[in-house]
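Protein chains: 4
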Amino acid sequence: MASEFRYRHRIEFAETDMAGIVHFSNYFRLMERTEHEFLRSLGLSVHADIDGRLVSWPRARAECSYEAPLTFEDEVEVLLRVRGKTRKSITYEFQFFGPHSRRVARGSITVVCATIDPQTRRMTSIPIPDAIGEKIETAPAEAEDP
Amino acid sequence: MASEFRYRHRIEFAETDMAGIVHFSNYFRLMERTEHEFLRSLGLSVHADIDGRLVSWPRARAECSYEAPLTFEDEVEVLLRVRGKTRKSITYEFQFFGPHSRRVARGSITVVCATIDPQTRRMTSIPIPDAIGEKIETAPAEAEDP
Amino acid sequence: MASEFRYRHRIEFAETDMAGIVHFSNYFRLMERTEHEFLRSLGLSVHADIDGRLVSWPRARAECSYEAPLTFEDEVEVLLRVRGKTRKSITYEFQFFGPHSRRVARGSITVVCATIDPQTRRMTSIPIPDAIGEKIETAPAEAEDP
Amino acid sequence: MASEFRYRHRIEFAETDMAGIVHFSNYFRLMERTEHEFLRSLGLSVHADIDGRLVSWPRARAECSYEAPLTFEDEVEVLLRVRGKTRKSITYEFQFFGPHSRRVARGSITVVCATIDPQTRRMTSIPIPDAIGEKIETAPAEAEDP
Numbered sequence: 001m002a003s004e005f006r007y008r009h010r011i012e013f014a015e016t017d018m019a020g021i022v023h024f025s026n027y028f029r030l031m032e033r034t035e036h037e038f039l040r041s042l043g044l045s046v047h048a049d050i051d052g053r054l055v056s057w058p059r060a061r062a063e064c065s066y067e068a069p070l071t072f073e074d075e076v077e078v079l080l081r082v083r084g085k086t087r088k089s090i091t092y093e094f095q096f097f098g099p100h101s102r103r104v105a106r107g108s109i110t111v112v113c114a115t116i117d118p119q120t121r122r123m124t125s126i127p128i129p130d131a132i133g134e135k136i137e138t139a140p141a142e143a144e145d146p
Numbered sequence: 001m002a003s004e005f006r007y008r009h010r011i012e013f014a015e016t017d018m019a020g021i022v023h024f025s026n027y028f029r030l031m032e033r034t035e036h037e038f039l040r041s042l043g044l045s046v047h048a049d050i051d052g053r054l055v056s057w058p059r060a061r062a063e064c065s066y067e068a069p070l071t072f073e074d075e076v077e078v079l080l081r082v083r084g085k086t087r088k089s090i091t092y093e094f095q096f097f098g099p100h101s102r103r104v105a106r107g108s109i110t111v112v113c114a115t116i117d118p119q120t121r122r123m124t125s126i127p128i129p130d131a132i133g134e135k136i137e138t139a140p141a142e143a144e145d146p
Numbered sequence: 001m002a003s004e005f006r007y008r009h010r011i012e013f014a015e016t017d018m019a020g021i022v023h024f025s026n027y028f029r030l031m032e033r034t035e036h037e038f039l040r041s042l043g044l045s046v047h048a049d050i051d052g053r054l055v056s057w058p059r060a061r062a063e064c065s066y067e068a069p070l071t072f073e074d075e076v077e078v079l080l081r082v083r084g085k086t087r088k089s090i091t092y093e094f095q096f097f098g099p100h101s102r103r104v105a106r107g108s109i110t111v112v113c114a115t116i117d118p119q120t121r122r123m124t125s126i127p128i129p130d131a132i133g134e135k136i137e138t139a140p141a142e143a144e145d146p
Numbered sequence: 001m002a003s004e005f006r007y008r009h010r011i012e013f014a015e016t017d018m019a020g021i022v023h024f025s026n027y028f029r030l031m032e033r034t035e036h037e038f039l040r041s042l043g044l045s046v047h048a049d050i051d052g053r054l055v056s057w058p059r060a061r062a063e064c065s066y067e068a069p070l071t072f073e074d075e076v077e078v079l080l081r082v083r084g085k086t087r088k089s090i091t092y093e094f095q096f097f098g099p100h101s102r103r104v105a106r107g108s109i110t111v112v113c114a115t116i117d118p119q120t121r122r123m124t125s126i127p128i129p130d131a132i133g134e135k136i137e138t139a140p141a142e143a144e145d146p
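Chains as they are written, first to last, in the numbering used here: chain A, 1 to 146; chain B, 1 to 146; chain C, 1 to 146; chain D, 1 to 146.
Hints may contain errors.
Claimed, not checked - Some chain A residues judged to face chain D by a derived CB distance under 8 Å, without partners named:
# : residue
1 : F5
2 : E12
3 : A14
4 : R29
5 : H36
6 : L39
7 : S45
8 : T71
Don't read these hints as lab results, they were simulated from the structure.
Note that the structure is a prediction, hence the values are computed from the model and not measured.
Note that beta-carbon positions come from the ideal geometry of N, C-alpha and C, so glycine has one too.
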């Protein structure tokens with residue numbers, strides 16, 4: 001059972017904008033990448049065949065608060081914590097730490113477990129399969145922010 | 001004084017992902033584009049020289065709730081409403097309407113007025129200049145969601 | 001039969017990078033968008049069911065030469081010309097015109113007609129269906145650059 | 001003196017499109033990232049203050065040929081080779097190797113050495129500074145493709 005994960009990334013040129021900082025939309029891509037690496041660390045994938053069904057995790061909600069900018073070549077550490085788990089959904093919290101381990105942003109994403117029909121691409125929410133649910137648990141309340 | 005704006009967009013191929021729908025991060029880009037078109041409709045720019053200073057609008061917070069997916073070539077209308085205005089910040093609310101005028105997502109972005117030092121790229125928050133503030137007002141409470 | 005198309009676009013904030021100009025990879029997205037609008041103007045789609053098969057156009061080759069930078073809020077016109085058409089492929093040429101109608105870039109994309117298996121996502125090249133091929137023709141040699 | 005570099009990357013969800021494969025524009029971002037890691041491995045940066053001037057490397061030309069698709073979670077190795085070096089420019093060649101070390105794409109980028117005026121963002125091409133030029137050399141002719 002895992003409830004926490006850390007992912008390191010160096011800011012790329014293409015992630016910046018003309019203000020000289022990381023474009024705000026890219027924090028969401030970085031949160032998602034951290035989520036996917038977390039799943040991968042558990043032997044799971046965000047988009048996989050499970051018992052003959054294509055199971056994916058469409059996003060229900062996403063948010064981010066920006067506390068300080070990130071710039072080109074900054075090393076950033078993203079700390080993921082599982083903050084909620086229901087029958088069909090998981091809420092991840094993310095904290096971004098930049099140079100000197102200073103927190104620069106904080107966000108969350110809520111994902112819903114769903115099957116995708118390969119022909120129509122239609123999504124239907126489903127209970128989280130046991131093979132996935134038994135590997136992910138909510139972080140203890142004492143796992144508070146630094 | 002303006003408090004509302006509508007922007008139309010047709011979903012592009014590059015905005016989709018392998019799940020066959022618009023990637024969730026692209027809703028934030030589309031909110032931003034709507035904000036910029038709103039400013040442009042008022043003769044303003046999100047990144048402009050004002051009285052010899054480079055004035056920009058870094059994001060303090062952004063969020064989105066996803067209600068139904070958007071797919072390639074869908075026509076989407078984004079409805080912007082000014083939901084809050086303080087001395088130094090503006091909060092925009094966005095609603096996304098897809099095919100058959102069905103609402104498919106809803107979000108908000110809070111931006112802070114700031115100057116950027118052209119040499120160091122450092123940002124400093126400032127009171128919203130009058131030339132901008134006098135053109136933007138909070139939407140009336142009765143401007144409720146459809 | 002069509003061999004030429006023009007698409008207008010205003011440069012967005014998210015298309016710029018910290019050098020203050022449009023990131024070079026975004027010219028390829030803009031070429032693709034122009035291609036898709038061209039197909040749409042002919043009643044076609046780049047990704048469509050034709051006679052029960054999912055027909056798409058994977059890229060075989062893409063290139064771009066950059067002559068002058070584009071910056072935020074520039075209005076750009078992209079001129080597409082069909083430069084080649086074989087049994088299974090089409091080559092589009094693109095010219096980018098920025099402020100004052102100055103040419104700022106030039107590129108090309110070669111696409112191959114293919115079916116996608118909805119289950120495996122595997123692509124197989126096919127002869128261009130008549131319903132598509134009869135609407136697109138190579139630009140006359142005299143359609144030279146301005 | 002270096003003329004070759006290898007960069008490994010795992011394909012991210014956000015890099016795919018609705019055809020289920022990596023969007024063709026993302027190969028250019030991956031080429032650029034490899035170039036930047038190459039410079040970084042030499043103690044250089046693609047965007048740096050050198051003797052009080054902001055030196056950057058705008059792209060003059062970019063191209064890519066696609067031989068086989070890449071899909072989500074594929075591990076890809078990008079092999080960079082310096083293929084040309086003039087007084088003011090460098091041409092990098094890139095080969096992409098996917099699963100089973102199969103080559104899936106091949107491209108090149110030509111970059112020009114330039115200074116950026118911090119006020120106007122105007123770029124002016126300059127001879128490659130010695131501190132950079134003495135670290136980068138053209139790959140020997142015998143460094144042929146596998």
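Comparing the hints with the structure gives:
1. F5: 15 Å, violated
2. E12: With a closest approach of 6 Å, the E12 of chain A hint holds.
3. A14: Holds, because the Cβ-Cβ distance from A14 of chain A to chain D comes to roughly 5 Å (cut-off 8 Å).
4. R29: The hint holds - R29 of chain A has a Cβ within 8 Å of chain D, the shortest such distance being about 5 Å.
5. H36: 6 Å, holds
6. L39: Nearest chain D Cβ about 10 Å off; hint violated.
7. S45: Interface hint status for S45 of chain A: holds (7 Å vs cutoff 8 Å).
8. T71: Violated, about 10 Å.
Consistency with the previously given hints fails for numbers 1, 6, 8, ordered from lowest to highest.
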